[in-house]
Amino acid sequence: MKNSALGRRIIACPYYVWAAIFIIVPLIMMVYYSITNPVGEFTIDNFLSLGKYSKAFLLSITYAVISTIITFLIAYPLSYAMTKLKISSQRMILMMVIFPMWMNFLIRTYSWISILANTGIINNFLVSLGFEPLKLINTPGAIILGMVYDFLPYMVLPIYTAMSKIDTSLLEASDDLGCNGWQKLKKVIFPLTLPGVVSGITMVFVPSVSTFYISQKLGGNKTMLIGDAIEYLFNIGPDHYNVASTLSLVLMVLILISMAIMNRFTDETDEGVII
Amino acid sequence: MRQNENIVSLKNISVAFDGETVLDDINLDIRNKEFITLLGPSGCGKTTTLRIIAGFVEPDKGDVLFDDNKINGVPAHKRQVNTIFQRYALFPHLNVYENVAFGLRVKKTPEKELDLKVREMLKLVNLTGLEKRKIDTLSGGQQQRVAIARAIANNPKVLLLDEPLAALDLKLRKDMQTELKKIQQQLGITFIFVTHDQEEALSMSDRVVVMDNGKIQQVGTPKDIYNEPKNAFVADFIGESNILDGVMIDDRLAEFSGKKFECLDSGFEKNEPVDVVVRPEDVDIVPLSKGMLEGVVTSITFLGVHYEIIVDIGGFKWMIQTTDEQFVGDKVGLYIEPDAIHIMKKSEYSGKYGDYSSYSEEIDHLSDVEEDEN
Ligand SMILES: Nc1ncnc2c1ncn2[C@@H]1O[C@H](COP(=O)(O)OP(=O)(O)OP(=O)(O)O)[C@@H](O)[C@H]1O
Ligand SMILES: [Mg+2]
Numbered sequence: 002m003k004n005s006a007l008g009r010r011i012i013a014c015p016y017y018v019w020a021a022i023f024i025i026v027p028l029i030m031m032v033y034y035s036i037t038n039p040v041g042e043f044t045i046d047n048f049l050s051l052g053k054y055s056k057a058f059l060l061s062i063t064y065a066v067i068s069t070i071i072t073f074l075i076a077y078p079l080s081y082a083m084t085k086l087k088i089s090s091q092r093m094i095l096m097m098v099i100f101p102m103w104m105n106f107l108i109r110t111y112s113w114i115s116i117l118a119n120t121g122i123i124n125n126f127l128v129s130l131g132f133e134p135l136k137l138i139n140t141p142g143a144i145i146l147g148m149v150y151d152f153l154p155y156m157v158l159p160i161y162t163a164m165s166k167i168d169t170s171l172l173e174a175s176d177d178l179g180c181n182g183w184q185k186l187k188k189v190i191f192p193l194t195l196p197g198v199v200s201g202i203t204m205v206f207v208p209s210v211s212t213f214y215i216s217q218k219l220g221g222n223k224t225m226l227i228g229d230a231i232e233y234l235f236n237i238g239p240d241h242y243n244v245a246s247t248l249s250l251v252l253m254v255l256i257l258i259s260m261a262i263m264n265r266f267t268d269e270t271d272e273g274v275i276i
Numbered sequence: 004m005r006q007n008e009n010i011v012s013l014k015n016i017s018v019a020f021d022g023e024t025v026l027d028d029i030n031l032d033i034r035n036k037e038f039i040t041l042l043g044p045s046g047c048g049k050t051t052t053l054r055i056i057a058g059f060v061e062p063d064k065g066d067v068l069f070d071d072n073k074i075n076g077v078p079a080h081k082r083q084v085n086t087i088f089q090r091y092a093l094f095p096h097l098n099v100y101e102n103v104a105f106g107l108r109v110k111k112t113p114e115k116e117l118d119l120k121v122r123e124m125l126k127l128v129n130l131t132g133l134e135k136r137k138i139d140t141l142s143g144g145q146q147q148r149v150a151i152a153r154a155i156a157n158n159p160k161v162l163l164l165d166e167p168l169a170a171l172d173l174k175l176r177k178d179m180q181t182e183l184k185k186i187q188q189q190l191g192i193t194f195i196f197v198t199h200d201q202e203e204a205l206s207m208s209d210r211v212v213v214m215d216n217g218k219i220q221q222v223g224t225p226k227d228i229y230n231e232p233k234n235a236f237v238a239d240f241i242g243e244s245n246i247l248d249g250v251m252i253d254d255r256l257a258e259f260s261g262k263k264f265e266c267l268d269s270g271f272e273k274n275e276p277v278d279v280v281v282r283p284e285d286v287d288i289v290p291l292s293k294g295m296l297e298g299v300v301t302s303i304t305f306l307g308v309h310y311e312i313i314v315d316i317g318g319f320k321w322m323i324q325t326t327d328e329q330f331v332g333d334k335v336g337l338y339i340e341p342d343a344i345h346i347m348k349k350s351e352y353s354g355k356y357g358d359y360s361s362y363s364e365e366i367d368h369l370s371d372v373e374e375d376e377n
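Chains as they are written, first to last, in my numbering: chain A, 2 to 276; chain B, 4 to 377.
Bear in mind the hints are in silico, worked out from the structure with no lab data behind them.
Glycine included, every Cβ here is placed at the ideal spot set by N, Cα and C.
Certain hints may be false.
As the list claims (entries may be wrong) - In the DSS-like style, the derived pairs of lysine-lysine whose C-alpha atoms are separated by at most 25 Å in a straight line are:
id	chain 1	residue 1	chain 2	residue 2
1	B	K349	B	K262
2	A	K188	B	K115
3	B	K262	A	K187
4	B	K81	A	K85
Unchecked claim - Some chain B residues judged to face chain A by a derived CB distance under 7 Å, without partners named:
id	residue
5	F59
6	A92
7	H96
8	F105
9	G106
10	V109
I would like the entire structure built from these sequences, with the hints used as guidance.
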């Protein structure tokens, strides 16, 4: 017994080293930078200067909330419908959902530019039919579309997994006890898929709230989200690393708080669905 | 409603899955307030029959009547029947109380009435005090009780039970048999019970429906089924039977094993070939001089209350239960009373059952245990 425990610890060793180098050290550095100035003296000025980024914070959160809600509204019915199909069709749809994830994130976003641009596919089509071209690119709608498109798989996978794990006899039992379709969804299916919903929301909300590339490419340079601000600050030079770190730290704390709130929903039911 | 009126009727029901016939022209009238059991080997269509009544399967042919109204096409949630599922199907996200309250909440029962009903149900199944427990913290027997309480809290007219006791150990199963029977009498509702355990079926039911291969083989009281099996399948499936090839020479006179025997059956054609059933407990071992048949003991098993011995009579192996000790190789005489002989018409099952030549007590018991554990 002892030997195998020791063995396990030895096997886990690379993981601890990996975690130390790539998670713990950067975290410590981030905290260190956020409470010092460029010459290494302790300061809280970085935090005091965050006021001018409040709009970016607010915007990021708004966009993230909206795109999370939309991905949920797409993913939930989709997963539900999928479980009603033959297994082979379910696999097929799942493949189609996952497939875009194999493509590079930048390319996926770029392809939306060519679809939405003023002389892009949609507008060329409209013009050829004699309509006025629409302003699609560089709008908040385009940003949200990009986020929904990019992060949808992260919502579908955990919800679909939770949904397909529901024992059909539970659904029959709820029929048997008098539930119509809506009551069945509300009283049985939703509570049983809640852990999946929570994972999905977390997995979409976190990257959405910190995203930077999508907003630049699809939103033009008008909208600065918090991710863009951090990227910008890191790009203009070492003097701005400190404020950028502070922003990252605050964003991280925000995300942790929202995850903690989300997880409260599942505390009463059982363990979350982890993918 | 009057007693004995039919509450559920199946008329000429046929079902096929993927071209495979699962139920073949089932006709069955179920009387109000009776305890009726569907009994048959695995895969014979018992669950499918229940699911047709519950509304989870639509028959390809035939009608389902409830209180004399046709209910084909009525969805499950609108039928006045409740089911106890083979694996309970309790809601894991709800506690015991909420599981039992589920059907009542769906019907928007006022809180006060609901609370009274749930507590009454929990008391009926001896679960008072466990209201707040999560389902996965309960033992198998307790989950079983929750499933019963959840189903009967809705005041169904008919309760469908699909092998509800199969997952319980022997002792618990016996207790639950008694309890279920008590609950059924107390509530005065119809129970349609499924099992492949013949002892369970005989001891609990008002009537038993023996099924095989998608067909009903016989319907009757446990006594009828045991004493007057309709064919070799029923005779063999219910209890132990020696089933012999015979000829009905005349009314009340049968010939088998090369001898003529007086019996009580009549109504067959003269010299009609028949199947003859003799139960192992109805054969007496007597001195050779007094025997109607004679044979050689080929194996003996001591079973506590009696011995089970195999006797070779002209190549056919009989099973006989006796309290007198015998020895392998002994020549013995057999005596059979006229009322111990039961004559059946020939059927597709003739010749397939009722010979103990390949019989081994151990193997039989092992396979019984395996079945029980499933
Ligand atoms: N949904 C289905 N699709 C295809 N075949 C099915 C389906 N349901 C049942 N069957 C088949 O129908 C036959 C009867 O099944 P059923 O479940 O009614 O048997 P049963 O008598 O309840 O058996 P058991 O004692 O094993 O529960 C079996 O051969 C089974 O494989
Ligand atoms: Mg079954």
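Checklist entry - Is K349(B) within 25 Å of K262(B), Cα to Cα? => result This hinted pair holds, its Cα atoms lying about 19 Å apart.
Next on the checklist: Using the nearest Cβ pair, does H96(B) come within less than 7 Å of chain A?
Outcome noted: 4 Å, holds
Next on the checklist: Hinted pair, alpha-carbon criterion (25 Å max): K262(B), K187(A). Please report holds or violated.
Outcome noted: 72 Å, violated
Checklist entry - Do the numbers back the hint for G106(B), that is, is its least Cβ distance to chain A under 7 Å? => result 4 Å, holds
Checklist entry - Against chain A, is F105(B) within 7 Å by beta-carbon distance? => result 5 Å, holds
Next on the checklist: Less than 7 Å between beta-carbons is the criterion; does A92(B) satisfy it with respect to chain A?
Outcome noted: 4 Å, holds
Checklist entry - Is K188(A) within 25 Å of K115(B), Cα to Cα? => result Judged against 25 Å, a Cα distance of about 21 Å means the pair holds.
Item to check | Interface hint for V109(B), Cβ within 7 Å of any Cβ on chain A | outcome: 5 Å, holds
Item to check | Hint status (Cβ of F59(B) to nearest Cβ of chain A, threshold 7 Å) | outcome: 6 Å, holds
Next on the checklist: With the threshold set at 25 Å, check whether the alpha-carbon distance from K81(B) to K85(A) stays at or below it.
Outcome noted: 22 Å, holds
In the structure shown, a violation is registered for the earlier hint numbered 3 alone.
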